[in-house]
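Trainee: Between the sequences and the hints, there should be enough to build the whole structure, so can you do that?
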Amino acid sequence: MTTVSLLDVGQQGRAAAMPGPGTKAGYVACRGNGGCGLSLLVAEVHCGACIRRIESRLSREPAVELVRLNLSTRRLDVRWHGTADFADEIIAMLAGLGYEASPYVAEALVERDRATESTLLKALAVAFFAASNVMMLSWAVWVGHDGGMGQGTRAFFHWMSALIAVPSIVYAGTPFFASAWSAVRRARTNMDVPISLGVILTAAMSLAETVRGGPHVYFDGALSLLFVLLLGRYLDQQVRAKARSAVQNLAILAARPVSVIGDDGRSRATPADLVKSGELVLAAAGERIGVDGVVIAGHSSVDTSLINGESAPKPVTKGDQVFAGTLNLLSPLSILAQAAGASTVLSDIIRLVEAAEQKRGRFVALADRTVRWYTPVVHVLAASTFVGWLLLMEAGWQVALVNAVSVLIIACPCALGLAVPVTQVVAASRLMRAGLLLKSETALERLASIDTILFDKTGTLTLAQPVLSEHPDDAEILRLASGLAAASRHPLAVAIRNAIPDAPMLDYVQEVPGFGLSWNGPHGEVRLGSAAWCQIEPSLDSHAEAWLVSPGSPPRRFSFATELRPGAVETVAALRRSGYRLAIISGDRSETVGDIAAAVGIADWHAGVSPREKIARVERLLQAGRRVLMVGDGINDAPALAAATASLAPAEAADVAGRAADCVWLGRSLASVPMLLRTARQARAIVIQNIGFSFVYNAAWIPVAMAGIVTPWIAALAMSASSLAVTFNALRLNLSMRGEA
Amino acid sequence: MDVLLVLVPIALALGTLGLFAFFWAIKGGQYEDLQGAAERILYDEDPPNQKEI
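Residue numbers (our numbering), protein chains in the order written: chain A, 1 to 741; chain B, 1 to 53.
Among these hints, one or two may not hold up.
Claimed, not checked - Straight-line alpha carbon distances no greater than 35 Å define the calculated DSBU-like cross-link-like pairs of lysine-lysine that follow:
#, chain 1, residue 1, chain 2, residue 2
1, A, Lys122, A, Lys439
2, B, Lys27, A, Lys439
3, B, Lys27, A, Lys122
These are computed hints drawn from the structure, not numbers from a lab.
Mentor: Shown next, in the form of C-alpha cells:
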C-alpha cells in the first residue's frame, strides 16, 4: 500500500482535478495511478453507531480502499481507485444512510492546528522523558553528596545527565526558543524570552560544570521547567483548536459551489468567487444563491432573512434583483450574474465585519499586558545581579552567573504560562459540555466585563422556522392540508407538514410561487395558500396565515407564529435579575419585533435596523462606556457581532455570523447564556488571583535570589511549588461549578 | 558500582524505545481522534477493506 495520505494528495491534486458537471468531483484529489481521495464533512455524526454505519457501508464497495471517520472533527476521509465521479456515488450512499456531506475545504487550517498539536505533544513527551530520567540521576547525586559517592561516579552521572538533557532541551525548547527569537529580532519581548534565557543559561552553566567536573549541575531544573510550561501550552492549544475546528465545520457547511451554465448549455460547479459578471447561474430550489444578479427565468420565493432579518419569504420573478446568501425556496431560478465574490452585498457586509474585528483585535489579554512590562523588569534585575556580584562583591563570574540564573528561574512567569491556560481549559471544557464553544482566546476576559446585552430577534430569541399556531379542528381537513403542504418548501407549508407529519402525501400538487398550492381531488380543485390565492378577504390579523378551500366546505384558516426559543423568557428574566441591561435590535418589521419583545419582556426594542445601523448602535453604546454583548445569527448581525465587546451566535447561524462571533452555542435553548457570563466572571477572578499570587511570590523570592542565598535547585523547587499552587487554584473553577451541572 | 555502567544505559535505551513508540503513535494519527477510538473499540467485527491510515 502506498503511504500517500489523503491530505498530501489534497494539496497537490486540487488544482489539477477537473470539476465534473454539477458534482462534488471538483473537490476530489486524484493521483496518477488511478486512485482518488476525498475529504468530507459529515455534520450529523455523533456516536459510535454513526462511525460503524458509515464505515461499514462504504467499505463494502469494492472500489473503496480506505474509509476513516474522525469523530472529533466529523471529517470523513475516503480513498478509492477509479474515477473522480465516484465521489457522487459516495455522497449518494451517505445520503441513503441519512447523512448530508459537504466537501471539507478548510482543511489547510485544520492541518496547521494538527501540526502544532503534534509538535507540542512530541516536545512534551521528550521533556517528560528527559526530566524524569535526569531527575533520577540527580537524586542519586544529591544523596551521594553525603554518602561518599566517588568523584568518578558523580562525573559519570553528570555526563549521563548532560547526554540526555542537552538534545532534549534543544528539541523540547524549540517552541519557546523560536517564539522568543522572533520577538527579540523585532526588538520586542514576550514571555518566552525569560523562559528561553533561563533554560539556555542553566543548561550552558551545567554543561560547563560537567566539563569542569564541578559538584553542581542543574539540568533537572531546566527540564522540569520546560515540561511544566509545555504542558500549559499544550492544554491551551487543545482547547483553541477544538473550538476553532467546530466553527470551521459550520463555515464549511455553507461553502457550496455555484452552478454556472456554460456556452454549451451544460452546468458546471464553480467556486462562487470565480463567477464573472454576465454569466448565467442556476439556483436550484432549496439552494443558497451564490451571486448578486437579476432573475431572467423562473419565479420563486426567496428567504432573505440572512441578509436583512426579514422573516417572511419574498416572492421573486423575472426582472427582480436577488442577492448572494439568500435562500431560493420553491423552484429553480436562472440568474444573470452582476456581481460575484468580492463585489456582492454579502462581501460588503463581510468587509464591515473585518473592519470591526480589527478594532477588537487590539484587545490584549490580561496575561500579555502583564508580561509586557514584567519581562524587562526581570531581565534588568537578573543583569544587575550578575553585574553586582561580579563588580561589587568581586565574586567569580561563575558565582555571579549562578545567582543571575537563579533570579531568572525564580521570576519565571509560570503563573502566567501555566495557570492562565489551565483556567482557560477548565472554563472552556466546562462550557463545551454545556454546548458553548469559545473561539477567541480573549473571549472569556471580554465576556466577564459585559454590562449590556443586545439581542437580534430572528433565529436568536425566536427559532427561524414558524410553527402552526391556530388551525381548524377537523382531522380530515388537517390531513388534506398536510398532504398538499408536503409538496412545497415554503416555510408555512413546512410548518403545516411538521404539525401533522403522518398524513399521506398527495400526488400532482401544483405550486404557484408567491401564491400557493392546488390539487385536483375527487370532488374538485383544492387550494392551499394566501387569501388572494383562495379568492377570499384576508383577515386583518398581523400573523402570517394560510387558507384552505375545498369544494363543498367553507374556507379554513391556518395561522402561524414564530416560536420563541426554549428558555428565552427565563433567560431574559435571569439576565435582568443579574443586572444586565437588555435590548433587541432587529431588521424585521416592527409588529413582529414588538410581539416578541413583549413576550420575552424586553422594553427597549428597535425594528427595521440595517446592518450599518446595527454596527452604529453598538459603537454608540461602546463610546458611552458600555460593554456590549451582541447575540445574533444572521449575516446582517455579523458586523455588529464583530464590533461588540463580545458576541455570541447559535450554531445554525450563517457562516459569516459564526465567524464573527467569539462564542457559538449548540442546541435550541438560550439557557446557556447566563452560565456563559457567570463562568467568564469566575475565570477572570481566578486569573487575577493567580497573577496577584505570582507577584507576591516574586516579590518575596527575587530579593533572596539576588542575595545569592538560593541555588538554582531551590529556585526550581520554589518555582514548581508556585506552579502547583496556581494550577490548583484554577481547578477550583471546576469545583465551584460542579453543583450547577 | 561498575554495574551502573551497564544498567543506566540499558534503562535509558528502554526509555528511548518508549519515546520512539510514542512518536510513531503520534505520526500514525492515533492521538487525533480519541473520541472515535473510544467508540470504535466496541465494534464486534472488523470491517472489510479497512487498512491503517
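Trainee: All hints, please: hold or fail.
Mentor: So, going through the hints one by one against the coordinates:
A threshold of 35 Å between alpha carbons decides the hint, and for A/Lys122 with A/Lys439 the separation of about 25 Å falls inside it, so the pair holds. For the hint linking B/Lys27 to A/Lys439, the alpha-carbon distance of about 27 Å falls within 35 Å, and the restraint holds. Of the supplied pair hints, the one linking B/Lys27 and A/Lys122 holds, its CA atoms being roughly 10 Å apart against a limit of 35 Å.
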